[in-house]
Each structure stands twice: as structure tokens, then as C-alpha cells.
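The listed protein sequences correspond, in order, to chains A, B, C and D. So the first sequence is numbered by the UniProt record's numbering: it starts at 1 and just counts up by one. So the second sequence is numbered by the UniProt record's numbering: it starts at 1 and just counts up by one. So the third sequence is numbered by the UniProt record's numbering: it starts at 1 and just counts up by one. So the fourth sequence is numbered by the UniProt record's numbering: it starts at 1 and just counts up by one.
There could be a bad hint or two in this list.
[Stated by the list, open to error] Derived pair list, reagent style DSBU-like, types lysine-lysine, alpha-carbon separation capped at 35 Å:
#1 B:Lys357 <-> A:Lys140
#2 C:Lys19 <-> C:Lys3
#3 A:Lys191 <-> B:Lys169
#4 D:Lys55 <-> B:Lys107
#5 C:Lys191 <-> D:Lys191
#6 B:Lys107 <-> A:Lys357
#7 A:Lys365 <-> B:Lys171
#8 B:Lys246 <-> B:Lys357
#9 B:Lys246 <-> B:Lys169
#10 C:Lys366 <-> A:Lys3
For the record, the hints were derived by calculation from the structure and aren't laboratory data.
Protein chains: 4
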Amino acid sequence: MNKVVLAYSGGLDTSVILKWLQQEYGCEVVTFTADLGQGEELEPARAKAELMGVKPEHIFIDDLREEFVRDYVFPMMRANALYEGLYLLGTSIARPLIAKRQVEIAKQVGADAVAHGATGKGNDQVRFELGYYALAPDIKVIAPWREWDLTSRTRLIEFAESHQIPVSKDKRGEAPFSTDANLLHTSSEGKVLEDPWDEVPEYVFSRTVSPENAPEMAETITIDFERGDPVAINGEGLSPASLLAKLNDYGRTHGIGRLDLVENRFVGMKSRGMYETPGGTILHQAHRAIEQLTLDRGAAHLKDELGPRYAELVYNGFWFSPEREMLQAAVDHSQTKVSGTVRLKLYKGGVYVTGRKSPNSLYSKKVVTFEDDQGAYDQRDAAGFIKLNALRLRLLGRRDG
Amino acid sequence: MNKVVLAYSGGLDTSVILKWLQQEYGCEVVTFTADLGQGEELEPARAKAELMGVKPEHIFIDDLREEFVRDYVFPMMRANALYEGLYLLGTSIARPLIAKRQVEIAKQVGADAVAHGATGKGNDQVRFELGYYALAPDIKVIAPWREWDLTSRTRLIEFAESHQIPVSKDKRGEAPFSTDANLLHTSSEGKVLEDPWDEVPEYVFSRTVSPENAPEMAETITIDFERGDPVAINGEGLSPASLLAKLNDYGRTHGIGRLDLVENRFVGMKSRGMYETPGGTILHQAHRAIEQLTLDRGAAHLKDELGPRYAELVYNGFWFSPEREMLQAAVDHSQTKVSGTVRLKLYKGGVYVTGRKSPNSLYSKKVVTFEDDQGAYDQRDAAGFIKLNALRLRLLGRRDG
Amino acid sequence: MNKVVLAYSGGLDTSVILKWLQQEYGCEVVTFTADLGQGEELEPARAKAELMGVKPEHIFIDDLREEFVRDYVFPMMRANALYEGLYLLGTSIARPLIAKRQVEIAKQVGADAVAHGATGKGNDQVRFELGYYALAPDIKVIAPWREWDLTSRTRLIEFAESHQIPVSKDKRGEAPFSTDANLLHTSSEGKVLEDPWDEVPEYVFSRTVSPENAPEMAETITIDFERGDPVAINGEGLSPASLLAKLNDYGRTHGIGRLDLVENRFVGMKSRGMYETPGGTILHQAHRAIEQLTLDRGAAHLKDELGPRYAELVYNGFWFSPEREMLQAAVDHSQTKVSGTVRLKLYKGGVYVTGRKSPNSLYSKKVVTFEDDQGAYDQRDAAGFIKLNALRLRLLGRRDG
Amino acid sequence: MNKVVLAYSGGLDTSVILKWLQQEYGCEVVTFTADLGQGEELEPARAKAELMGVKPEHIFIDDLREEFVRDYVFPMMRANALYEGLYLLGTSIARPLIAKRQVEIAKQVGADAVAHGATGKGNDQVRFELGYYALAPDIKVIAPWREWDLTSRTRLIEFAESHQIPVSKDKRGEAPFSTDANLLHTSSEGKVLEDPWDEVPEYVFSRTVSPENAPEMAETITIDFERGDPVAINGEGLSPASLLAKLNDYGRTHGIGRLDLVENRFVGMKSRGMYETPGGTILHQAHRAIEQLTLDRGAAHLKDELGPRYAELVYNGFWFSPEREMLQAAVDHSQTKVSGTVRLKLYKGGVYVTGRKSPNSLYSKKVVTFEDDQGAYDQRDAAGFIKLNALRLRLLGRRDG
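Only chain A is shown next, with the shape it has when bound in the complex:
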């Protein structure tokens, strides 16, 4: 092996990995640090990488926020994807983009391997590696957590100290839980969360105030959609990442988007996580609301039936797969008229749709009205409709009754 591109956060774990790769594989390490809106300074990662001997031209720090939201979050939102009925897939959706960019850098610098810092128990290893293999079938993948013997926190820190890797004070004790963050969400798991009967302590949350601490006064916003994607808040046009960031602000303030979940990992075990998806939670509700008005029933129901499968594919790491793309093609076909405005009330953890309108509305007051509809709908048609829908049940009833 010659060169390896490491997904590098600049934190303790991936710094240890950086050093370990240099030692264990005797190869040049290229670092890649992505800004996905996790809300951390990225320049310190550059300094640290340089300190560990990574060549300046081998340090990649990319702002991927717009691409992330436009090409990953929004397409997924179009599908109303919820894993196991509840989870908005905030971690899952970021991995394919990191993998894609890592592979691009590998091609650019002539690296023959990629590495990541995900453990052997989680889903992220799968998501990274399926991405790598789909996009670069012959690349070598290194997953240090599955290989090395630094299997306890103590040994990891010993390794760091013996290799001049700075260890911040808060990393010295056992972290009470582990987190992942990007523009869509923050997830927390492990340690104090490991007993699914124990209530999640308030200090675990970092992206939202608690509903109890949210303002006493509700706030009303509008979101405009075009072809299935949000494009403006309160009438102000915003780029994808800016829009999601703004929704995150609203969500944070109003205590929106907390989810305490026991979920089924692709690797076969159950885990308990706490997710905060403030803006995404608002967006999900709003998208459903604009679809209610603009999607035909046939399209809507087909989407609802395909949704769990789509979500499972994203969760399991099959973003770059033909079947996810096929489902996306179906979903996207349905979105051409999903434009209009949704009004929402935000209040103490809740998102309440209070109105929706669209130039493409399929809602017909003329047809639905209880009042005189002037022939828009002939109630007598319902008799035949019911009779023929009932025919097979009547034949059954006669046989079995």
C-alpha cells in the first residue's frame, strides 16, 4: 500500500488512527475533513494533520454543506423517509457523501486505500464501505477499529500520549456518550443511554432546548416548496444549506425534533439512540403537508408503500445502489408539481401544520363541499362505485356466510 485517504475529523480517535496508519502500514496518509455543518472549527484539523507529518497538499478540507443538503438531504426528504417509522436518518445520509468525496480524493492523489474511524459494531462502517466499494470497486479499505488492539479507552489514550497526540482533558475520563453531528442532526448513543428504560439526561442534548424551556409563545412560519424541495422561509429565498440552518434555529428555539429511539442496526443488534433533528422534523411535516394538496392519491399511496424500503436502504448504507436510485426515480417523478406554501406553528416541541396552499392544488372545494356543488359530483355515482367494489365480497359472503 502506498497512500491512504483517511476521513479525518481532527478529534482524538481519528488522530490516533492517522498515526497508527503511518506506523502500521508505513504509508502516506492523506486527510479529508468535511464540513457537513457539524458546527466545529475545521482549521485545527489542518494544524494537527500537519503536526503529524501530513503534507500540506495531502490535507483536504471541504465545505460540503450545500451539496449535502441539496443532493442528499432533500432527495431523501422528498421520499418522506423514516426509518422504523420515526428516525429521520440524519447520520445515515451523511456517510455516502463522505465516502464519495474520499474516493474522489483517492483518485486525485493516486491513493490505493481509504480508511475511516467507525467501529465494528455500528452501521457507519457499512455505509462508508458500501460507498467506497460502489464507487471504487478495487480500492483497499482499512477500518482500524476492526483491526487494531487499542480496544479500550485507556490503551487508546496511552497510544496517543506515547505519540505526542494531544489529548484534551475532557477525553481523559470515559466519555458519557458518543455523538455524531451534521447540518441535519445530532445523534447520541452509548454509556448513559445504554439502558433503554433510563430517561435520557438533559445534558445529552446539544441542538435543542427542552420543550419545557421553549418560549411560552408559539411562532408561525411559512415554507415555500418548489418541485418537492423547500426554497424559502417566510417568503425569503434561501440556498439549501442556509434554509436547513434557519429551520434548525427555529427548531432549536422551540424544542423540536428530539427522538429517543431503540432501533435495529443493520449488523443485527438493537441499540438505543437519542436524535435531535430540529430543522429536519419541521421539514418532514411541511413536505407531507404540501404533498397532501398537490400529490394525487395514487402517487401518494405508492410513495407511502415504498417509503419504508427507501429508508431501510439509506439506513443500511445502500445509497449508491440501483434499487435506491430506482426508488428515487419513482419519487422524483412524483414531485414535479409539489410546489406551494405551508404554514406551521411551532410551540414547545410541537410542529403543527395550520395551512397549505398551492397553484397546483388538487383539492377542489367545488367537488368536496357539503353545500350545493352544482353538479361537480353526482352522488348517485357512489352507488355503482360501492356495488362493484362490493361484488367480490358479496360472492365471498354467499360462499362462506
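Fit chains B, C and D to the given chain A structure using the hints.
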């Protein structure tokens, strides 16, 4: 035609129908009034029926609350059914039971027809009539709203007055909206709700306080489940109907379960409704939470894929159909171990799961832990797992890359 | 009503309809006769129409064979659609095209209505009319069979005779069965087929010899595919309609594609039909064979799961619906690499795939071989793959065992 | 490790495994040989096992044919399961039963491990091991082909010879292909089949004559079904295994059930196999035919949609999984009235349904007839049925037209 069994609420509309049936068809009318927990006195219905000449032995008033919750609401809740992702199907699920009982009464009294008061634009006519035809394939069905010429409120009231049917003062003007209620929910639609951009006025709500008016203090409850069904609240065992009623009290107090929805009716149009499902909303969340711990992933994901179909069948009125029963058989097979306790926090419109435990838990702290798992899980297995999951993607990537 | 466009075959029934429309509605009739490969002369239809007073400029006779195969049959074949597991949808797929062209003509000549000759018991009325309404929502639809009183053969013939409509001798007795034909298939139903226990008499078949009468010698052909569609037979490039016609010749000769089916109609009853789909049967097998080599498993299995739904939509007449188009978008996305050659043996009713090859093959002899694969596949990966797939089952087994 | 139960065929490979286990693991080997109708003498397996030092009480030879067909083949046939649209799953369905019996024996003799002779590239290892783990979560599994270094035929034979394991002459050269057989089918793969463009040589087939060599005269049989399962042929009641054996005879004679398939293995690669499923192919067609008459449309279509998933689960080895059991519960619920008689014509590779009848038939000649139905069906109902089915399409058309 000889005798007809009318689903009779005792209200103005069905009283007019009663009289109209006597006149138009010259037949004996049998009334059936069901207590499904709608929260109205039923004895006045008896007096009114008698007044209009219905024989005492032809007046049926049944308390169906326990049957309703045990045999209709709970089986549906086991399926986590949500129509169009959001609606808990409170109206839909009551119709089959009414139809079933109406048919039983028809057989008992030797009636050859049944009648209902649902209009020709809605779903309820379909749900009633599919139930009738499935259970009594050769019964005659009368749907006065599709037949008569009393098509305006004015004419209906004129008919009532000219036939000595009492018209209460609040019925004289146009009702601002139309409602349906039972132990699971109250729905409202029409009139002031007809523009889906207009916010629903507060006076529409009857089953819940608004989140803003809910207590400042959160309340925590526990629900115990056995084999997929709730059996106790805060440790106190309750019958199905009592349990749902108690959850309704909690939900009402905390402003839980309001839903403003634009939905697709089976008859082909969109309508806008406001639903209040206080207890059902709590129950839905709690059931998902106990399943998270006790259902295997394969079962859970299959349920999630079948859920939209199940909900559509219930919504469209196909409760008594082989395909709903097949789905129920699959769902029920999955519930044998869905027992345990869920803890929930109720606060200003929100239901928050804060813990769940079960003697049948499939969650293994030993396997999932970030700490030393003493061999419960071999991280190296993940390498092979990923490699073989990736194989087809690599072959694809080699071909297409 | 002013003008009506009638789907006119030139046969007895639609000639009676033509006259009846003129009389009953007092309107001008425009005739539309489509060549879909049914194998009948169409010019006599012109003469007959003229005879009944249709203006020359109101007689439309269109050769739609290429459009039919290219835009309807082939897209459906890409989906491997089989209704109820067996039926290749030969009648269903022709109706939307007829409806579309009829609506186009209506717009062209300024007609405000369309009419068809399908009965009130079948699926075709639904397919025609859903097409009309989807493409021209406000058009008036006339279905004489549901309106008039010519409900017996005798009265129909009387009407014909009293209006100088020629009645050929073979129409005078009761036809032993009813047929529909186009380039994809011939269907027969009714009369001698009405008892599903009775064997279909040999004289019912018109498109194929019986397997017993097929040649004693098998014949081998190849079909080339490009992007999911067949483009050549035995290396000779052919237009869509020519290709299907040629496959029909092969199928006819070798007794291929007969299907005796009891099916469920959309209108709620079961019917028994005999279908002959000679070329389509060959094509269906061949398409599956080329997909075996060129489609990824994820894509293939998703297609298999969506197939029954797609077929149901086509059968029920929802060709011009958002959900059929969404499924088509998914299917078409999968077909970009479905190119290559399939070799088939045709013998006495059977179609046997004997080989397939493709420049886009995903089959890797190097990986699959029982012999030394030189590291293309590491068998030890399977251990981890199985262990993690088994993990949830082991946790279950420990709980339930 | 103490004792291991080996799935032992008595052939060369599993004999080598037997010896290798004794040597490598120094443990006692218990052999289990199942009669699944593979058509081989099993007593030689006993002699060979004894020769290699297996204690008589540790040699298990069980006739599982009836259990195999009754509890595995028939339930799968009720689901009309076809993997990738074509494959009747003959190998897949046998593995869970072998695994189950092996685990039972392990418990009986106090063994702590099980072993099988499947390679690391195939599906069978997965099917065996998922079965083991589901039924005995803590059992140790040994898969010698993934562990040892006998990776070429030459080394295997050397090992055999150096350990006094008899090597029959035909095993000395490279076998031209590999086979698996049981009462349901024989599969062949590898070697001469490895190029999917090459036609399968006639000598590969062992269970059927070629269609060309089948009798010139068609043969007609009837199969009686009860509750979804076949119970009699030509009126003669037969046990499950006897019935399938008899159908195999018919199929063999008439050249029925050959399938040349390129399929997607669960482990991620494509392989090419030749399957012969003579009786199963007849049964599959017959079961569909009796369902046509006795299953309601709703049940039938739901089954068709669930079928591919069911087949995938069986193929991938998830027989003992909650999701397969849930699907089975749904399928079995549908079969209570699937009784009656199917008549089939067998001719030169083809199975042709020529009639079906049932006391539970839902086919109504009275309703479907082209002739006067005396009011059984009111054609005018179709107008309303179509109008309401079209309503959403019209609203769409008005918006988008």
C-alpha cells in the same frame, strides 16, 4: 321491502331519514343506536324513535364500547396503522362494527334492508355498505342521501317541521362544520374548514385543550402491554374501553392528538379534516416503543412495509375482506412477545417516550456496549459482512465505473 | 351534444352503435378505426361508415402498430408484467392507446364526446374511460351497452336490419365466443368457455397451432436487446412492430403462448378467458433471461416486488396514472444496461432459454468458479456475513428457545 | 469442543470432512444422514461412518421425506413462491429441515457443534447456519470448506487416500458439474455450465427426459386440493411424499420442469444453474389454477405482491425467521377454501391447465355471462364505478392538461 334497520343516532338527520323511510318505502323501521363512546346520552334516541312510531321491540340501543376497542381499535393499533402517514383512522374503524351489528339485528328481526345516514360524497357510505354486503350479501341497502331530494339544509328542516320532528335551535342555522365522534376520536370537516389554507378555529376542537392551554407541568405515565395490547396504566389493570377512556383523559388534559389533515378520500376527492385522537395518539407512540424492544428487525420492517396497505384497507372500508384478515394474521403473529412497559412524558401537545422495558427484550446491552463486550460480538465479522454485501456493488462498479 | 368520436371497428356491434348514436343523440358521429395489428382489413370500415352517412373528413383510420409496440407493449415488457402471475395483458395494453388517439381526434374535430363498444361487465369500458377522463377530464363519455335496450343478440340484429346495416351470415346465430385481437395477442371469452372445468375446444384458437401440431423439430432463435427492448431477431434489426410480428410467426408455428385462465376482473367478478400471446410469451422469457445477466440483484428484486402492482394497474386501466408512471420511471431506470443476446429454443409449445450473453454482463466466472479463483472471492468473508445475518436470529432464539 | 454433528451424505467430500474433523478438532463426530428423496442408498453411509470410527449410536439415518414435503414443500407451494420469477427453490427448501434435525440430534447426544459440507461461495452455507443459529443460538458451527487448506480437488483426493477413505473412480477426474437432489428437484451447477451462453449438455439432466424424447401423446391428469395442499392424483389419495413422487414420475416422463437459470446468490454473485423440478412444476401450475377459482381477488393480489419477498426469504435461508412466519400466517389464512380439482395436460415439456372445479368456487357464471343474467349484475353500476375511479384522474387532468 318489509323492514329496514336504520343506523340511528337520534339526531336531526337520522330522524328525518327515519320518517322518510316510513313514508317513501312504506316499511317498518327498526332503529339501532350504538354507544361507541361518542359521549352522548342515548336514551333520548329511544324516546324519539318511539315518538315516530317505532315499536319498542324494534328499538336497539347497544353499548359496544368494549367490543369496539378490543376487537377493532386494538387490532388496528397492533398494525401501527396510519393513513397517509398521519391519520389514526378513528372514524374508519367504527364503521365495520356498526355495520356488523346492524346486519345481526336485521337477521334477528327478519329485516330485508339496512339504511345509514352517510352522504354520497364521503367514505362512510362505502365503509357501511361494504360491511353490509360482506356480511349479508343479499341485503338491500338504502342510502337516503343518494336518493332523496332533501339536498339543502332548508329543505331538510322543512321536512322535519312538517313531520313533527323536533329541530333544536342550534340546527336551524347552517352548522359551521360536521363532526363524528367515538371513543377513539372526534373528526370535524366542512364549512369553516373547507379552505385548507385557513387555520382551524379553536372552537372546532371538542376533545382536547389546546397545547397552549395545557398544564405547564409535564406528566409521566406508564402503559403496560401484553401481546401487543395495552392492559394497564400506571400499573392499574383496565379493560380495553376503560383504558382508552383514561388515555383520552390524559390526552385531553395535555392537548395531545390534534391533526389538521388534507386527505384523499376513496371516492376520489381530497378533503380537509381536523382530527382529535387524544388517547390513540399516546397509544400509537407507546406501542411503537414497546415493539422497538421486543420485535425482531425482520418482523418490524415487514410490519412497516405492510402498514400503509393495512391502513388503506381500513380507510377504504375493507375491514371484512380476506386481504385485511391476511395482514392481520401476519401482524398478530408478530405480537406474541410484545409485552412490557413504556414510560411516556405528556407535555403541551407532545408525547415523549422516555423509557421502555420488557421481560421479552431483544436489546442486549452486552452485545451493543461500546465497552469490552467479552466476546459477545466479534467486530471482525463485520468485515466479511460488508464484503459480501458489497460484492454485487463492486461488480456493478467495475462494469459501469 | 354536438359531435362524438366512436371507436369503430367496422363490425356489426359498433356499426349498430354508430347508427344508434346518430338517432339517439342526434349528433354527428366521427369514426376512428385503429390498426393495432388485429389482422383485419380496415378499408371496409371506411365504406361502411360512409354508407351510414359519416362525412369523409370524419373517418379516421390510423396505423398505430409501431406506436403500440414501441410505447405500450415494450415499456410493459420491461416491467415483466404478468397479471395474476400468468397473463401478459394483451387486451389491457391496447386500450389506453385507442383512448388517447380518440381524444386527440375529438380535440382535432371539435367533438365533445367519445363512445366505445365495450360492455358494462368487462374491464375494457374501465380502461377506455379512465383513459378518456385522464386525457380530457371534461369530455362526455357514451357507453351504449350500459344505456340502450338492445340487450339481446336478437334485438341487436333486428335493429341492424331495420337500419340497413349489413349483417354477415356468421353473426346471425349466437357467436360461440367473443374475441379481441391485436399485435400482442388474441383473447377469447364467453359462451363455450364459460364453464371453467370444460376444456377449451381447439376451434377457439386462431393465432397458434396446437403444441401437438407443431413441428417435430425444435427451432433456435436469438433475440438482441438494447436498453431493455428487443431490437433484432437472429441478428436482423427490426422495428418494434416488425419484430413482434416476426416473433408471432415463430410462436404461431411452434404452438407457443396459449393460456387458459380464470381471472379476477376489476369490476369484481371472475371470468374465464383463453389467451394466445405467441410472440409476447417468447419476449417475456427472453427479457427475463437478458436481465438475469445484466441486472443487479437489488434492481431485479425490487422489480419483482413492483411487478404485480404494475400489472394490476395496467389491467385495471390506470395506464395514464401517476403511480403507473412512477413505477415506469423506476423500471426504466433499471434498463440502461439491459443489452445483449438471448438464445432460445422453441419446441411444441415450449420456450427454452439456452444461453445469454452481454457486453454488460454482471456474471463473473472468475468469482463464481468452483476452481481456484485466485483471490477474487475470499471464502472466509462468508463467516462474518453469516454471523451478522444470524445475530438477530440468535438473540431471538435465546429469548424464545 | 466435545462432539460435533455432521450433515453426512456418505460421499467423498463429507467423508473427508468427517476424518478432518476427527483430526483437526480431536472431537467425536456424530453423523446425520437424511433421506429427503435424493434417490440414493443411505445404508452405505452407515458402513462408511463406522469404518471411520463413528460409534453406532452416533450414526443417525432418518427418513424425512414426509416431513419434508408436508412441512416445507407444501407450505412454500401455498405461497406460489418463485425466486427471481422462475426458480421453485428446490435446494433452498431442504436446508432448514436438515439444520433443524441436526440441532435436535446435537441436543440429544450432547454435542456442542454442528458441521456441514457446503462451500464458502454458495447459499447453502447460509441456509444451514441461519437454521443452526436460529434454533440453537449458542451452538458452534464448523464449515470446513471455509477453514481448511484442501482447496483443490487434487489435495482433497490426496487427503482421502492418505486416510483410507475410498475414492470411487468417477470422482478422480474433475467432476463436470456439481449436483444436489431431493424429492423436489435436482440442481446442477459449475464446470460445463459456467458459461451462461453455452447450452447445457443433455448429460447434465438426470430427472427428466428431454421434451424431444417425451411421448408423442399428451397425458391428462387431475390433482385434488384441500385447503391449499394437493391430496390426490386422478382421484387417488396419497401422502405428501408419495404424491410428490408420483408427480415427479409424470414430470420425468413428459420432460417437464427443466430450468436454465442465471440467478443472484445471497452472497453477492451471479451463478448459473440447471434445475429439474418435474413434480413441483406441475404442482405450481395446478395450485395457481385452483386458487384462480377459490381465492378472492384481494387475497390473490396480496399473495402475488408478497410472493417475491417470501421466495427471497426462503432462498436466502431465513426459513426460521419471524418475517417468513408472518408471511406464512398470511398465506395460510388465505388457503382455507382452496379446495377442488384441477385437470392438466402434460405434453413434451409443457403443463397445460385445461379445467378446474371446486365446491368453493367464487366463479359465478350467472354474473359473468354475456347472456341475460336476470339482474345478477346491473351494468349501470359500472358507470358510477368508473366515474369515481376516474375522479382523481380528472382533477389531475384539469390541473396538468
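Hint-by-hint comparison with the structure:
1. B:Lys357 <-> A:Lys140: Outside the cut-off at roughly 42 Å; violated.
2. C:Lys19 <-> C:Lys3: holds, 13 Å
3. A:Lys191 <-> B:Lys169: Between Lys191 (chain A) and Lys169 (chain B) the Cα gap is close to 64 Å, so the pair fails against 35 Å, i.e. violated.
4. D:Lys55 <-> B:Lys107: violated, 70 Å
5. C:Lys191 <-> D:Lys191: Answer violated: Lys191 (chain C) to Lys191 (chain D) is near 54 Å, above 35 Å.
6. B:Lys107 <-> A:Lys357: Violated, at about 49 Å.
7. A:Lys365 <-> B:Lys171: Holds, at about 23 Å.
8. B:Lys246 <-> B:Lys357: holds, 22 Å
9. B:Lys246 <-> B:Lys169: Answer holds: Lys246 (chain B) to Lys169 (chain B) is near 33 Å, not above 35 Å.
10. C:Lys366 <-> A:Lys3: holds, 28 Å
Going through the hint list in order, the structure does not satisfy hints 1, 3, 4, 5, 6.
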